[in-house]
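K.L.:
Listed below, chain by chain, are the residues.
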Amino acid sequence: MTQTKFSAANRFRRTVVNHLASGLAVLSTILVVAPLIAIFIYLLYKGASSLNLAFFTQAPKPVGESGGGMANAILGSGILLIIGSLLGVPIGIAAGIFLAEYGRGSKLANIVRFTADVLNGVPSIVMGIAIYSLIVLPQKHFSALSGGIALGIMMIPTITRTTEEMLLMVPHAVREAALGLGVPTWRAVLSITLRTASPGVITGCMLAFARVAGETAPLLFTAFGNNFWSANLNEPIAALPLQIYVYALSPYDEWHRLAWAGSLVLIVLIVVSVSLVRYVTTRGVLKGAS
Amino acid sequence: MNFKIQDVRVPAPSDAPLHASPDALSVALPAGSGEPSAIRKFLLGRGSSAMADKGFGWLMLLCAFSIFGIVALIATELILRSQMTISKFGLKFFFDSAWDPVNGNFGALPFVYGTLMSSLVALVIAVPLAVGVSIFITEMCPGFLRGPLSFLTELLAAIPSVVYGLWAVFILVPLLREHVDPILMRVLGWSGLFVAPDFGVHMLSAGVILSIMILPIISSLTREVMTSVPHSQREAVLALGATRWEMIRMGVLRNARIGIVGSIILGLGRALGETIAVTMVIGNNPQIVKNLLAPGYSMASVIANEFSEASDDMYRSALIEIGLALFIVTIIVNALARILVWAVTRGAPARVA
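Line by line, the protein sequences are chains A and B.
Remember, the numbering used here sits 572 above the position in the first sequence when you count from 1.
Remember, the numbering used here sits 65 above the position in the second sequence when you count from 1.
Treat the hints loosely; a few may be bogus.
DSSO-like mimics (lysine-lysine), calculated; alpha carbons at most 30 Å apart, straight line [said to hold, decoys possible]: (1) Lys-679(A) x Lys-119(B); (2) Lys-157(B) x Lys-355(B); (3) Lys-633(A) x Lys-712(A); (4) Lys-153(B) x Lys-712(A).
Computed, partial: chain B to chain A, Cβ under 7 Å [said to hold, decoys possible]: (5) Pro-213; (6) Leu-231; (7) Ile-323.
Some chain A residues judged to face chain B by a derived CB distance under 8 Å, without partners named [as the list claims (entries may be wrong)]: (8) Tyr-614; (9) Thr-732; (10) Ile-842; (11) Val-844.
Since the hints were derived computationally from the structure, they do not count as laboratory data.
Treat the numbers as computed from the prediction; the structure is a model and nothing was measured.
Glycine included, every Cβ here is placed at the ideal spot set by N, Cα and C.
Sequences and hints are given; from them, build the entire structure.
P.N.:
Laid out in structure tokens, this is it:
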């Protein structure tokens, strides 16, 4: 790419500017990667040293007592995420199917896609107060169910867009072959197109899952948090990010320790799913299927 | 993507043959073909009714429409629940700086200021870095580094905001207070932007953590836009004898500039609505001062901090109105950004100005 065979009077100046710009680009890359590495090193250093079996098996101890864990928060996050997925995954995939298979290129599909993108950008705290006034206020109490619904709604736009993208990667010949055999459209979509794209669709769901797993803001006024074991959908429930948030702002070292450990658990979950997504989209699992 | 597939598609007058129902197909079969084959029988036996087909189509459409439904639901809920303050204070709500829940006086100006200021700081830091990274990854980077680097920046986008907040509280804030702020006060103290006293939790630390959080969004979209600039543009500029930087500036950045602006606006949208990390480091003090080293407050953080304490309806209504404002602003900002990015990546003719 570097063809500087050129004979102008200001050639020297241009070469200097060229190198300067290249240097700045490299520098900014380093500056961007540095905080990421710093965050990871601190998480590993602080989190790994405070991660133990008790973290996964015990509920928090009262202030002043050492030990304890976040087991109830892990359970709570699990329940919230299950509710969220039950709501978000089917609707998200269905909307994605509509975009890729039925509405492709139509004006309606463009508007839906656009709305999904915009919904994706709505701040999570706004989602939190919307669900609060929709569910919590009429019911007059915080509940796990409302938290799960908030998370589910936040999953929809991500899943819709990844499903659409993955379905678009399926070659047209596959669809035509199925339809040519006389398979009805709905079956062709479900068991041929969607199946071909399933590794991608599943990882898209995992990505959305991982994103909402770390969401705190929508849970503040819906799931609310709970220091005790609870699996009741009608009661406030603990969640890992909420617990980290509360513990990080507390004045106790013991709680800070737990917050780091909790963050490490969250990050591991997220890194694994992001890597999976990347593996599927770049290694061409889909291409192999066609 | 869309574009390619449409190219490959058989130039049929409509999609009719592709999406025809099985009944239409069997009618189309030659009359003398007799019994359908075993495969066809099997397939027809498994849900070939036109009803199922129609129903499925409608179901998918319904799910797609639910996205509209969600946006409409959020909007109506927020508008209804903030009716009290909207009717009492009107537009003055956003230009009044008195925030006094005890006496029922509500003005959101300090929060609006805090949100705008922290986002501005974030953009000032993040934009040059993001463009630099995108240039490095798309134009200069050796092949073996490209994958890991874009993976790393993607990872930055996936870290939850509470983890950023935790890191900021324990690492970034002390770092800024001990090492960066004194230098800023000495060198730029005259500007009035960096004045003691310094508590560590202030507008600047919120801006820095925001910039780290929006960097991946800006850089991934900028990268996408830059990759979509046709190679012929680069080659043409290089053929005229340009250096690599001149090629990037004239061939790439100039063609991609609308998309880059779009990605910056998208980053702004994210910064405006970011809640948890900002709440943890901004200092939570509703005041309007020029000093970046003074604690501030943002729209999202006031909701996060005070919503569960809001006992009376007026207080809650005021907070929901702030949420409504946030909702409207982010929708406008996001829509604008999407339109800009879409205009570029969709293959609109690159104009050389």
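K.L.:
Are the hints correct? Go through all of them and say.
P.N.:
The hints, checked one at a time:
1. Restraint check for Lys-679(A) and Lys-119(B): the C-alpha separation of about 20 Å stays at or below 30 Å, so the hint holds.
2. Of the supplied pair hints, the one linking Lys-157(B) and Lys-355(B) holds, its CA atoms being roughly 22 Å apart against a limit of 30 Å.
3. With a CA separation close to 29 Å, the supplied pair Lys-633(A) and Lys-712(A) stays within the 30 Å bound.
4. Between Lys-153(B) and Lys-712(A) the alpha-carbon distance is near 25 Å, which keeps this suggested pair within the 30 Å criterion.
5. Taking 7 Å as the C-beta contact cut-off toward chain A, the hint placing Pro-213(B) at the interface is violated, the least distance being around 10 Å.
6. For Leu-231(B), the interface hint holds, the least distance from its beta-carbon to any beta-carbon of chain A being 5 Å, beneath 7 Å.
7. Restraint check, Ile-323(B) versus chain A: the minimum CB separation of about 17 Å is more than 7 Å; hint violated.
8. For Tyr-614(A), the suggested interface contact is upheld, since its CB lies about 6 Å from the closest CB of chain B, less than 8 Å.
9. At its closest, the beta carbon of Thr-732(A) sits 7 Å from a beta carbon of chain B; the interface hint therefore holds under the 8 Å criterion.
10. Look at Ile-842(A): its Cβ gets to within about 5 Å of chain B, closer than 8 Å, so that hint holds up.
11. Here the hint on Val-844(A) is broken, as its CB sits about 11 Å from the closest CB of chain B, past 8 Å.
Checked against the numbered hints above, the structure breaks hints 5, 7, 11 and satisfies the rest.
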